[in-house]
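Student: This is what each chain is made of:
2 protein chains.
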Amino acid sequence: MRLHDGGRAPNPRRVQIFLKEKGIEIERLQYDINALEQKSDAFTRLNPMQTLPVLELDDGTAIAETVAICRYFEALQPEPPLMGTTPLEKALIEMWQRRIEIRFLLPVAYAFRHLHPGALSIEPVQVADWGRMNQSRARDFMAILDTELKSRAHVAGAAFSIADITCYVACRFLKPAQLAIAEEHTALRDWLERVSARPSTRYD
Amino acid sequence: MRLHDGGRAPNPRRVQIFLKEKGIEIERLQYDINALEQKSDAFTRLNPMQTLPVLELDDGTAIAETVAICRYFEALQPEPPLMGTTPLEKALIEMWQRRIEIRFLLPVAYAFRHLHPGALSIEPVQVADWGRMNQSRARDFMAILDTELKSRAHVAGAAFSIADITCYVACRFLKPAQLAIAEEHTALRDWLERVSARPSTRYD
Numbered sequence: 211m212r213l214h215d216g217g218r219a220p221n222p223r224r225v226q227i228f229l230k231e232k233g234i235e236i237e238r239l240q241y242d243i244n245a246l247e248q249k250s251d252a253f254t255r256l257n258p259m260q261t262l263p264v265l266e267l268d269d270g271t272a273i274a275e276t277v278a279i280c281r282y283f284e285a286l287q288p289e290p291p292l293m294g295t296t297p298l299e300k301a302l303i304e305m306w307q308r309r310i311e312i313r314f315l316l317p318v319a320y321a322f323r324h325l326h327p328g329a330l331s332i333e334p335v336q337v338a339d340w341g342r343m344n345q346s347r348a349r350d351f352m353a354i355l356d357t358e359l360k361s362r363a364h365v366a367g368a369a370f371s372i373a374d375i376t377c378y379v380a381c382r383f384l385k386p387a388q389l390a391i392a393e394e395h396t397a398l399r400d401w402l403e404r405v406s407a408r409p410s411t412r413y414d
Numbered sequence: 211m212r213l214h215d216g217g218r219a220p221n222p223r224r225v226q227i228f229l230k231e232k233g234i235e236i237e238r239l240q241y242d243i244n245a246l247e248q249k250s251d252a253f254t255r256l257n258p259m260q261t262l263p264v265l266e267l268d269d270g271t272a273i274a275e276t277v278a279i280c281r282y283f284e285a286l287q288p289e290p291p292l293m294g295t296t297p298l299e300k301a302l303i304e305m306w307q308r309r310i311e312i313r314f315l316l317p318v319a320y321a322f323r324h325l326h327p328g329a330l331s332i333e334p335v336q337v338a339d340w341g342r343m344n345q346s347r348a349r350d351f352m353a354i355l356d357t358e359l360k361s362r363a364h365v366a367g368a369a370f371s372i373a374d375i376t377c378y379v380a381c382r383f384l385k386p387a388q389l390a391i392a393e394e395h396t397a398l399r400d401w402l403e404r405v406s407a408r409p410s411t412r413y414d
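Chains A and B supply the protein sequences, listed in that same order. Sequence positions in the first sequence follow this note's numbering and run 211 to 414. Sequence positions in the second sequence follow this note's numbering and run 211 to 414.
Extracted from the complex, chain A is given alone in its bound form (with noise of 0.2 angstroms):
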């Protein structure tokens, strides 16, 4: 099998972090998503959406969407579970993992995509108001998920998770959003300065 991967961008840095924690190692093929190299014929051909990143496996059937992925590896290796193991554990680890994708990594990256200029390659129709009104969102959520790890180690509960991938790579993507973690939000930025600790979280 081999990834095609897409090198810094949020969804393959996701998977590149689920990897590491689970110890695997597989084939790369990295594409430059800035130069829309996900919209050729053959990538489409492989996955019609044009996104990275996308699994293919040896018999051709290609598995794309970050999560789908991730959720493949966990079924094959499921040691160190990263999406729960107990009924109970799964069904938190999901209800995390989607809020904090719907909530705050998609605001986030809606507001890049439509107020950045370095987002038109990728988003040629920008609606400005759209990417303000996420910025105020991911800046709600960040408040309530503050409250929430004041209690807890991880985003999902005491293990580190798939969540907490989804929660570093959204706080990572901050920046170019110009959003930041406030000031008084210390359990966020501690949560923030454990997970980047951890080795998987290094670019290579």
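Since the hints were derived computationally from the structure, they do not count as laboratory data. Hints may be right or wrong, so weigh each one.
Note that identical chains are pooled: a pair holds if it fits in a single copy or bridges any two copies.
[Claimed, not checked] Heads up, simulated DSS-like pairs for lysine-lysine below, C-alpha to C-alpha not over 25 angstroms straight-line:
| id | residue 1 | residue 2 |
| --- | --- | --- |
| 1 | K360 | K300 |
| 2 | K360 | K232 |
| 3 | K360 | K249 |
| 4 | K249 | K232 |
| 5 | K360 | K385 |
| 6 | K385 | K300 |
| 7 | K230 | K300 |
| 8 | K385 | K232 |
| 9 | K300 | K232 |
| 10 | K360 | K230 |
| 11 | K249 | K230 |
With the hints as your guide, set chain B onto chain A.
Tutor: Below, chain B alone, put in the same frame as chain A:
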């Protein structure tokens, strides 16, 4: 356990259909989303995101987010499987469930929330340009989906899955978003007719 339910709104409908497919009946408390009952203090303590549905366990643990609730029941009662059994099935169903959600249900919801006067109670600041952009994205996705459904019975493969549930709910939500399935998309129309005939999709 009991389900904090939201009537005919899209996410509550997804959990209702999932439970019927599983043959699971549980206590349900109905909330009126248009009357913003999900913004009460009591409900906010249960789910700070103020969204429905929420599954409340007997010990008070709250599981929010539609797919997290579905995953909990899938783990508790695997039969009939709606989220796959092998690693590859799990990955492909996750891939399609997410494609449908992010590229179809979400754009349809954005179109409704940012264009329909009836959505002002839940989306007080509407951004019409964003709504229209999402109408166009939903149309683009329906064309891709129609092509896919020419070669298989269900959204993620031969078997009915959670991806079909999300897709069904998105299709039923097209009208308030001022969208419709095009006449020429006969594979998508046939699929919708077959899924609509399943007893699980009847609202009660």
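Student: Hint by hint, note whether the structure agrees.
Tutor: Status of the hints after comparison with the structure:
1. K360 <-> K300: within (22 angstroms within a copy, 34 angstroms between copies)
2. K360 <-> K232: Neither: 27 angstroms inside a chain and 37 angstroms across chains, both beyond 25 angstroms.
3. K360 <-> K249: between (43 angstroms within a copy, 23 angstroms between copies)
4. K249 <-> K232: This pair counts as neither: shortest intra-copy Cα distance 30 angstroms, inter-copy 40 angstroms.
5. K360 <-> K385: within (24 angstroms within a copy, 43 angstroms between copies)
6. K385 <-> K300: The answer is neither: 31 angstroms in one copy and 35 angstroms across copies each exceed 25 angstroms.
7. K230 <-> K300: For K230 and K300, both the intra-copy (21 angstroms) and inter-copy (21 angstroms) Cα distances are at most 25 angstroms.
8. K385 <-> K232: Answer is neither: 28 angstroms inside a copy and 44 angstroms across each miss the 25 angstroms cutoff.
9. K300 <-> K232: both (17 angstroms within a copy, 18 angstroms between copies)
10. K360 <-> K230: neither (27 angstroms within a copy, 38 angstroms between copies)
11. K249 <-> K230: neither (27 angstroms within a copy, 40 angstroms between copies)
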